[in-house]
Amino acid sequence: MSRTNHRVSDGLVDRSKTLKFNWNGKSLHGHPGDTLASALLANGHKLVARSFKYHRPRGIFSAGSEEPNAMVQLRRGAAQEPNTRATVTEIFDGLEATSQNHLGFLEWDLMAANDLLTPFLSAGFYYKTFMWPKTFWEKIYEPMIRASAGLGRLSMDPDPDVYDHGYLHCQLLIVGAGPAGLAAALEAGHAGLRVILADEDFMPGGRLNSETYEVEGLRGSDWAAATFDELAAMDNVRLMTRTTVHGAFDHGIYGALERKTDHLSTSGGKPRQVLWRIYTQRSLLTTGATERSIAFGNNDRPGIMLSGAVRSYANRFGVAAGKKVTVFTNNDDGWQTARDLLALKVEVAAVVDTRTASSQVIDGVRCIFGRTITNTKGRKGLSSIRLDDGSRIQTDCLAVAGGWSPNVHLTCHQRGRPVWRGDIAGFVPGDELPAGQFVAGAANGTMTLAGALREGHDNAMQIAEELGKGKSGTSAPAATDENFSITPFWHVQSSKARAWIDLQNDVTTKDVKQSHAEGFHSVEHLKRYTTLGMATDQGKTANVLGLAVMAEFSDKTIPETGTTIFRPPYSPVAIGAFAGRARGKAFRPYRLTPSHNWAVENGAAFVETGMWLRAQWFARPGEKGWRDSVDREVQMTRASVGICDVTTLGKIDIQGRDAAEFLNRIYANAFLKLPVGKVRYGLMLREDGICYDDGTTARFSETHFVMTTTTANAVTVFRNMEFARQCLWPDLDVHLISTTDGWAQFAVAGPNSRPLLEKIVDNIDLSNEEFPFMACAKITVCGGTPSRLFRISFSGELAYEIAVPARYGDALIRALIEAGEEFNVVPYGTEALGVMRIEKGHAAGNELTGQTSAAQLGLGMMVSKKKDSIGSRASEREGMNQDDDMRLVGFHPADKTVQLNAGAHFLTKGDPEDMTHDQGWMTSVAYSPELGHSVGLGFLKRGKDRMGEVVRAFDPVRGKDTDVMVTSTHHIDPEGERQRG
Amino acid sequence: MAEYQLTPMPVLGTQSVRIGKNSIQPRPDLATVSVATPLGGKRTLESALKENLSINFPAATQTTHSGDYRAIRMTSDHILLVFTRATPDAESHIQGKLNGAGYSTDQTDTLAIIEISGPDVLAAMERLCPLDLHPEAFCVGASGRTVMEHMGATIIKTADQTYHLITASSSAGSFMHAVEASFQYTISA
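Top line first, the protein sequences correspond to chains A and B.
Heads up: the first sequence begins at 0 in numbering that gives the first Met the number 0, then just goes up one per residue.
Heads up: the second sequence begins at 0 in numbering that gives the first Met the number 0, then just goes up one per residue.
Next up, chain A with everything else stripped away, as it sits in the complex (with noise of 0.2 Å):
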């Protein structure tokens, strides 16, 4: 069949243009406003898909979002994006779009085999089968089933394309550019609100691009291209089309996604698709309804369409679904695509009507009342129909009018339930809709024109009126109300063939019977055994029927059965839109430290430490490995000087009058009277007495002070804080600002850190007298520029901290290393401030874990009794100061030539091993260069008590059991000699 044979007309598409696009495999032409369905429609191609458990041969079935059998795979390689409907793709030049769920041609699909084993198929099935035998499943049924699931195919390639999200702000979000929608945003537009339209279409005018009406003398498509040019014009209203508002969320936001570049064959580096986070005040639906269909015997031959569908077809796109159409109807909607195609002079064959009479009959037409659609013939497309009587109409297409059901998604998003309205056979929003949102047209249950177009007219007014704006002073688009009238009729009883009510996921009648039978009573039960309602078009064509014919066989009414809950998103969103543009490099953000293009040069290896990227180690040629760096790095330290940059450590600049006061409410341990010009080790409890933090904080005067906390913890320290002051002692003169990102500080440790920051400070003695172990000054290096200098050592050894303005932090790194030559300095990194804070027995993040008391770690005595501080009380409660709890302490292997891991559980010697024999566990461990074997920390019960004792180490994950000796924390110079020297 020829291309021209289908076009009836001009319809809105551009015939004067000419696209070429490829559908398996066939070169194929449409036109500008064409969409893919619409072009292989006007191709002569009826047969497009195939169903997803019976393979049986499917055509096109509606005309948009709805459409539960057209789905398609389009593009190729890396693009190419499975499972998308036919029917909202718009065709570009060089379009490639395949068929898909099939084994060999689309034609000669071997999986139609499924459908002679409809018996063994039925709902429910893989819940009674694949038991049998066991060792079948995952060498046979799995591999089977995985097989054959699922419609389209990934490539899986990453996805080629870009996303972006965004956020968009509005007083009047409307959803929907049909009348309803179009006479409100006039209104609305007029009045001054800033207005958002937003429809899926890329053409505005909904079921007005569909049908002859006409809205204030002009064809309704003329009339909607018109005002949408005026609604263009105005600088308050926004249109977007190509924009699916998917989903109605707390405090008036809405989510859509835009297809930005789906219809052009290249993006050109822009987004794809946008999804967009909507704030409005109000929002109107305007949503229209969507039709579904009748269950009769084999009704979902390809040529079985939507009523509706084909006059969107005929009229909007110019194209007859058929060369001699039938319409079954059980309302007075269905006889308007016979008008309408007869007045294409498309041949009608039959109009049959399950109502008894009609004022719609059509002269010159067969008109059949009060009978049914028994059965269906035509393998790959339908050839003929047979009536309840047994006579035989040949048809090519068979438009089915089952009546509209409103579109009420986006009112249920949070849990709103809609109500059944006899009059129109369907459920319209119920009282309980999202705050701000109006309901206006059909989507309301208006399914007349001039009704949609004066509510939404009206809903706009009121609403500019609520938020301060006056009545523009327009009215309603005038119209004619056309006829609406439905006596619900929804499943051909005597049919003996299957009849199906869910296209997309081959449900049947005899399946909702089957569910029913087994005592699935609930509908949201009946979906899940039936799957009815599910996938990509969430049953917008299915639900209705599905339930009024459970209703049926539970002798029940519809509004008794209910509905299933309506969830976002309203159609499918792609994955990647979800994810945006956060992939790659651009997943999260990341925090650099100043002397990051230092450390890169200098061939450091990085850590992600939250967001912050840290030097791990600092390779060096000839190293055979991360521990050889490592190993360097320390006993270079410990031998001379190493720099490590500690910039991520957290800083809470504190100042007030009761600054002095408000540490020590927030420290376990005292800081009342901590001196001017001293650092001191603070530990932070929880209000449960377990503790969470701990760093050290320095007084810079009476009225200041800095923190330093942990990298992990800088946020939340920030935060506790903050909240004690705001919260809980609001009479305290203390404010909080972090400075964290404001100093790029280095420790410098090791026995010639003096000698060297010496060469780098400016007027500053730092002898031990002068400067002794944990003291601070704010002081000034290289001829002028401001620093800190802490004296404080988080290795054991003789250490500082320096800080300077973190735009100088590149440049003091560089002066460090450059002053440190004469002494061998070395940058080490967090491996290697890891292994040195092991051996001196310094607790830290595998530690401080939030399940451990000061007790435990060994801290009990900073706890002050003699004042009140977060968590004292709370650290005080009997269960965790007990004698024989866990303590940290310190270990060797017995045997010095052994590797030890951390996370092994002690045991004592000659004990099962088991939980009740549990002793405690290692939490960190290293290899020590300075003492030549693992060391470790660790939780023992009596710790304290049990110094040189030999327990196991048991590590059942790695398969080890190794003689541990107990030993303290401190593994390097116990008396602290060093630190202070």
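There could be a bad hint or two in this list.
Short, incomplete list of chain A residues facing chain B, as computed with Cβ under 7 Å [said to hold, decoys possible]:
hint, residue
1, H168
2, T265
3, G267
4, P270
5, D652
6, G741
7, G782
8, R787
9, P804
10, Y807
11, L811
I should point out that these hints are in silico values taken from the structure, not numbers from a laboratory.
Cβ coordinates follow ideal geometry from the N, Cα and C atoms, glycine included.
Let chain A serve as the given structure and place chain B on it in line with the hints.
Leaving out everything else, chain B in the frame of chain A:
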């Protein structure tokens, strides 16, 4: 006296980026100092700001400015002063003006400022900024604190089609990338 000299290196450099007709310009020439109000000392601080810097204490979501100084309201008892200063003594400079009327902390190195301007600036910000920047809702002089691409940020409208974005300096590279991407994704040519 030390033999070394330290040369500052602004976290985003100094070079501007042009995308279409728009400009993205790091502003390392601007210093930032936070000033907190001592308990019970709001009036004293307001007077000090007025007398010594000729600026009013800004209202919530607003900024005030006079000459080279701009004050941004951050919280009920905390403002941020932005002004031109190249040397690393912004805090002592401000404290010299306030004479103890407020608690001041230098934030010049904590924060990075990016000036964006051009005809596509609103379209670009729609992809990045959750706040409503419509001229009716966010006029010249307005400020807002928000999160952009998971990074905390303050936005100030300094002129028509011109905004200052203030963000943490450690993640400023990622922030700059996000700003550039927002322009690249939105400009038409």
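**Prompt:** Going by Cβ atoms only, is G267 of chain A closer than 7 Å to chain B?
**Reply:** Interface hint status for G267 of chain A: violated (10 Å vs cutoff 7 Å).
**Prompt:** Does P804 of chain A meet its interface restraint, that is, does its C-beta lie within less than 7 Å of any C-beta in chain B?
**Reply:** holds, 4 Å
**Message:** Tell me if the interface restraint on G741 of chain A is satisfied: Cβ within less than 7 Å of some Cβ in chain B.
**Reply:** holds, 4 Å
**Message:** Please check whether H168 of chain A passes as an interface residue: C-beta within 7 Å of a C-beta belonging to chain B.
**Reply:** Holds, because the Cβ-Cβ distance from H168 of chain A to chain B comes to roughly 4 Å (cut-off 7 Å).
**Status of the hint placing D652 of chain A at chain B (closest C-beta pair under 7 Å)** = holds, 5 Å
**Message:** Restraint: L811 of chain A near chain B, CB-CB cut 7 Å. Satisfied or not?
**Reply:** Holds, because the Cβ-Cβ distance from L811 of chain A to chain B comes to roughly 6 Å (cut-off 7 Å).
**Message:** Hint validation: G782 of chain A versus chain B, beta carbon distance must be below 7 Å. Holds or violated?
**Reply:** holds, 6 Å
**Request:** Against chain B, run the beta carbon of Y807 of chain A and see if the smallest gap drops under 7 Å.
**Result:** holds, 4 Å
**Request:** Tell me if P270 of chain A is really an interface residue toward chain B, meaning its C-beta lies closer than 7 Å to one of theirs.
**Result:** holds, 5 Å
**Request:** May I ask you to test the interface hint for R787 of chain A with respect to chain B, counting a Cβ-Cβ separation under 7 Å as satisfied?
**Result:** Since chain B brings no Cβ nearer than about 12 Å to R787 of chain A, farther than 7 Å, the hint is violated.
**Prompt:** Under the criterion of a CB-CB separation shorter than 7 Å, is T265 of chain A in contact with chain B as hinted?
**Reply:** violated, 15 Å
When each numbered hint is compared with the structure, violations occur for hints 2, 3, 8.
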